[in-house]
Amino acid sequence: MHALAEARVPLLGALDRAGYRLTGPRRAVADLIARREGHFTAADLVDDGMRRRPAIARATIFRTLEALEGVGAIERIDLPSGDHAYITCEPADHHHHVVCRECGRAADVDDAGLAGVVSRIATESGYRIDAHRLELFGLCPVCRRDLEVAAAPRSG
Numbered sequence: 004m005h006a007l008a009e010a011r012v013p014l015l016g017a018l019d020r021a022g023y024r025l026t027g028p029r030r031a032v033a034d035l036i037a038r039r040e041g042h043f044t045a046a047d048l049v050d051d052g053m054r055r056r057p058a059i060a061r062a063t064i065f066r067t068l069e070a071l072e073g074v075g076a077i078e079r080i081d082l083p084s085g086d087h088a089y090i091t092c093e094p095a096d097h098h099h100h101v102v103c104r105e106c107g108r109a110a111d112v113d114d115a116g117l118a119g120v121v122s123r124i125a126t127e128s129g130y131r132i133d134a135h136r137l138e139l140f141g142l143c144p145v146c147r148r149d150l151e152v153a154a155a156p157r158s159g
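Residue numbers (the numbering used here): 4 to 159.
For the record, the hints were derived by calculation from the structure and aren't laboratory data. The beta-carbon is built from N, C-alpha and C at its ideal position, and this holds for glycine as well. Zero decoy hints are in this set.
With beta-carbon atoms standing in for the labels, derived distance ranges:
(1) G73 <-> V112: 20 to 26 Å
(2) P156 <-> I132: 47 to 53 Å
(3) A125 <-> A155: 44 to 50 Å
(4) P156 <-> V121: 42 to 48 Å
(5) L137 <-> D19: 25 to 31 Å
(6) G73 <-> G41: 20 to 26 Å
(7) H135 <-> R55: 33 to 39 Å
(8) E40 <-> A154: 21 to 27 Å
(9) R54 <-> D19: 25 to 31 Å
(10) A153 <-> S122: 40 to 46 Å
(11) R104 <-> D50: 19 to 25 Å
(12) A21 <-> M53: 24 to 30 Å
(13) E69 <-> A155: 41 to 47 Å
Turn these sequences into a full structure, and let the hints steer you where they fit.
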């Protein structure tokens, strides 16, 4: 199977299992997402969609993002800039993310003891905590290396 087709299968499968029709426009949005590495914004997809022939309507992109988020195939992340973006993920697999603020690469992060912290907060606050989200931002190894190379003194 072609890499693009493989990348869009989980997105379309999640929609299909939730009872959504797999229309041509939804498939096209899944293709746009599958072509991306790291996080992406709705505006990124709108720009990509406008370059396609036929163009994908802005409303279709937003509705499809909403549906994909609703079925857990993508997650919204809040960027340090205040903007929000999306990343693909496995439905029903709760995890956290570390996101490169330079290139947008995202990696899943295991619980790392957070369940115990959440439990303690629930006990101390009296809240029944239904959900939580943790996003970590920094520089990925590739961007860190590039930054170090660029900052290294040049001999000569």
